[in-house]
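So the sequence lines, in the order shown, correspond to chains A and B.
Okay, so the first sequence: first residue is 52 according to the working numbering, each after it adds one.
Okay, so the second sequence: first residue is 2 according to the working numbering, each after it adds one.
Bear in mind the hints are in silico, worked out from the structure with no lab data behind them.
Given the structure is predicted, the values throughout are model-derived calculations rather than measurements.
For glycine and all other residues, C-beta sits at the position ideal for the given N, C-alpha and C.
Hints may contain errors.
So, partial list: chain B residues that the calculated Cβ filter (under 10 Å) puts toward chain A [what the hints assert, rightly or not]:
#: 1; residue: Pro97
#: 2; residue: Ile268
#: 3; residue: Ser272
#: 4; residue: Ala274
#: 5; residue: Ala275
#: 6; residue: Gln278
#: 7; residue: Ser283
#: 8; residue: Leu285
#: 9; residue: Leu299
In silico negatives: residues of chain A with every beta carbon more than 12 Å from chain B [stated by the list, open to error]:
#: 10; residue: Asp57
#: 11; residue: Val78
#: 12; residue: Pro163
Simulated DEER-style distance windows between Cβ atoms [to be verified]:
#: 13; chain 1: B; residue 1: Asp85; chain 2: A; residue 2: Glu156; range: 20 to 28 Å
#: 14; chain 1: B; residue 1: Ser216; chain 2: A; residue 2: Asp111; range: 31 to 39 Å
#: 15; chain 1: A; residue 1: Ser130; chain 2: B; residue 2: Ala108; range: 49 to 57 Å
#: 16; chain 1: B; residue 1: Gly70; chain 2: A; residue 2: Asp174; range: 24 to 32 Å
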Amino acid sequence: MVTAQDFILKINTEYSSFERFGDEVVVVNFLKGKYYNLEGTAGVIWDLLFNGMTLSQLIDCLAKLYQIDTETISPHISSFIEQLKDEQLLTLAASTDEVEPEPTEVSSPFSPPLLQVFDDLQDLVILDPIHDVEAERGWPARSDPS
Amino acid sequence: MIDQFIREKCEWAAKLCKQMGATQKHYRFGPVRPTIQFIRDDCLKEYTPALTHANIDQNGDFTIYVVNGAFIEPPPTKWIFPQDTLDKLRQAYWEPNKGYALTADDAQGIWSLYDRKAGRALYWVRDLLTLPDWEFGAPLRQILHWRAMDTGCQLAHGAVLEGGILITGKGGVGKSTTAMGAVLNGRRMVGEDFVLIQPGNPPIAHSIYCTVKLSEHSIRLLPEVAPLVAPGTKGEKRRLYLDKKNMLNSVPLEKLMVVKVGQKNRITPLSRAAALQALAPSTLFLMHTAQKQQLKVLAEIVRLLPCFLLEVNGDPKTCLEDACAGLV
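If we strip away everything but chain B, and leave its shape as in the complex, we get (with noise of 0.2 Å):
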């Protein structure tokens, strides 16, 4: 029932995009491929600075369909999932062997729907107007993340440096400004939220987002980006967007980096135990599907990478440069 539930909704949204004319661009994540259409404007205006850089010319090999429900409600239908679960605001399904899969948050007012064999995804939001601000640095990740699986990728949360550097650690730890730090002193970002990583020795991070986002004080640091700030932004974080000259679209890694405020710069050994506990659980949380493969994938990513704790003080811009300095 759920199977054709998503092959309905996406067969739907493919010919209500034909009919309304909606606008298209392409795009390349690594292996990841997208065509999105969106069917209003305003949707296009708040999802594709996170994506611009990724933007290319040649058609993808799958297509999203963004509808924001809005203006634009789909036919109603039963209730597809058990009916024990009438009470939930949150559901999540995922068919591999089949090719389909969805997540509904109900709470957010966000679906994501994929079909695999019909290269078609829809993406509908109750109303963009009342999304929270995190979903449009980092949009359409549900349905990115069922497709890096198909092509045998993973979805991180974490930052991924120019260097190979893969940065993790606890929220509010320091993580994206340090990240942001190192790009006002000169290395280029390839994710500061979510990268995509294709297992392989060595695994190698793909961008994705160009979003940065960092709390006022973060910014009090780096007055910098201060006028990068997108405009009505709202929550505990800023929304910025780097600069196409900023990014890198893909780095092989050589080293995993979980950061923690510390009494001077410097970088020591951690366990690889510890480095999977700072990556793993925040990405598989924020998936909701396949997870265990994710456990699967990021500890093997673990197992080949060396992996330090990155203890940082004082000036953002220079304090990873100043631990590596202290790296034999």
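Isolated chain A (complex conformation) (with noise of 0.2 Å):
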């Protein structure tokens, strides 16, 4: 039976795209009108979810790279996909063949990861209040309210 921890989890770059800088990523989602920012441990588990792997994957990945226990590391990577998935920044895949993770130096020690977001600017972004428009006149004329 698939559970939940099978998915592979993977970013969403259907609506974001992202640029490394060092030690830091800037991400941008263009479908929610924010960005982010994701520095040393955070933009490293950004960079294992680029190709995709599960949490299980991701966790022992991680627990092996910064040399620190799954029981010790499990809840603030837990949290932080949490907080990736609300912000529709990851897609979920049924896992089918063995994703073998991309090994990954660490340069700076085991930190929570954090997800900085900011939302300054979500008025310039779409906003779609419900209107009609009757498809038969099409553009640009939108349906007489009376």
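Take each chain as given, in its own frame, and dock them per the hints.
Put into structure tokens, the structure is as follows:
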């Protein structure tokens, strides 16, 4: 039986894009009109999820990289993953084949991953209050409310 | 279907402008060279002040038709977007391989259409009188954005001053005031709100608009600009147009500064990640199409330029020069 733990977590590149500068990753979410900063461990997780892996693979990989036991690291990682999901920055795919995690060197010690969220520009992004359009009249006519 | 729609509407606009003897003007914004045809004088009067400094005599290499729908409504057509988008007020479409693009902002009543192959674009507004004030300060920017991308360039939301200083920062933090202060202190301006950036090493900023938008508070700080405010401007910020003598057509970029109000005027190094956060999101969210490509281009520009935090305090006419004096 496939459980939630078996799903591959992968960065959602359909509505987001990112750039890395050393230890920092800047992510822009075009769907939500937000942008984010990820540093240190958060950036490492972002890189690992670019090609996708399950949550348990991610925790194991990070535990190995940072030389910390999985029980200690697991709640921090799970919480961060939930944040990414809430922001629609992750997609889920059913796990079928074994995914080999990409080895990564880490340049700084483990710190609880943090997603810094900036939403000051949300007003610039599409806001779609409902309105009626008569399909037959089409552009640029709106339907007459009367 | 959308491609055909864009083609047909641009063709319709071209015929209409020819029939009605539209007034045309030619412009140069770096490598982007439009000829703009205005069906009616009201459009000419409202949109050209922001572009005057870039007016040239030679024909452009593509044509933008400006139509006021209050007087000229195009022939109706079927809804061209997917049926499940009927309730959406804003749409965007961009097909770079075929050279078609469209943004439809039904909230503001502005449609921009672009047909690269035919060298035509249509800027249709539902009613000039109901447009938001900021549209007159930076008109036609969606179309200029698409043409810029076709020439390998990129629109960016920020101010650029003589000396190659690209200034950016959160809304309301003082970019415009700082930039206008620097102009009053003798620096020429390339742009205050949007500029066109040509990637390279160094990147080059080209002027598009001579508009400056300032709040009432900023105008009180810079009383010399009060007589320059365009009459009838409304909204949170007042609009003024700089004279050609205060404008610079192009400048190689030398540094990027993110503005912030501080305790004193000073410049300190800033991480490139913070610089990109200040520069990119507003540009991307305002342009609606080709956002991933834009982010890449802006990131490359940030990687090339030294990045600084510009803290400002006190007289806006001198804060930039004071801060630069301390920069080694």
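Hints versus structure:
Taking 10 Å as the C-beta cut-off, the interface hint given for Pro97(B) is violated, the closest approach to chain A being about 16 Å. Using the Cβ-Cβ criterion of 10 Å, the hint placing Ile268(B) at the interface with chain A is not satisfied: the shortest such distance is roughly 20 Å. Look at Ser272(B): its Cβ gets to within about 7 Å of chain A, closer than 10 Å, so that hint holds up. For Ala274(B), the interface hint holds, the least distance from its beta-carbon to any beta-carbon of chain A being 4 Å, beneath 10 Å.
Against a cut-off of 10 Å between C-beta atoms, the interface hint on Ala275(B) holds, since the closest Cβ of chain A lies about 8 Å away. Interface hint status for Gln278(B): upheld, as the beta-carbon distance to the closest one in chain A is roughly 6 Å, under 10 Å. Because the beta carbon of Ser283(B) sits about 6 Å from the nearest beta carbon in chain A, less than 10 Å, this interface hint is met. Among the interface hints, the one on Leu285(B) holds; its C-beta lies about 6 Å from the nearest C-beta in chain A, closer than the 10 Å criterion.
At about 9 Å, the closest approach between the beta carbon of Leu299(B) and any beta carbon in chain A falls short of 10 Å, and the interface hint on this residue holds. Every CB of chain B lies more than 12 Å from the CB of Asp57(A), the least distance being 30 Å, so the non-interface label holds. Here Val78(A) does not stay apart from chain B, with its beta-carbon only about 10 Å from theirs, under the 12 Å limit. With 12 Å as the threshold on Cβ separation, the claim that Pro163(A) sits away from chain B holds: the shortest Cβ distance comes to roughly 19 Å.
In this structure the hint that Asp85(B) and Glu156(A) lie 20 to 28 Å apart at CB is violated, the actual value being about 46 Å. Checked against the hint of 31 to 39 Å, the pair Ser216(B) and Asp111(A) fails, with Cβ atoms roughly 54 Å apart. Take Ser130(A) and Ala108(B): their Cβ atoms lie about 38 Å apart, and the range 49 to 57 Å is violated. Distance hint for Gly70(B) and Asp174(A): a CB-CB separation of about 25 Å, consistent with the stated range 24 to 32 Å.
Going through the hint list in order, the structure does not satisfy hints 1, 2, 11, 13, 14, 15.
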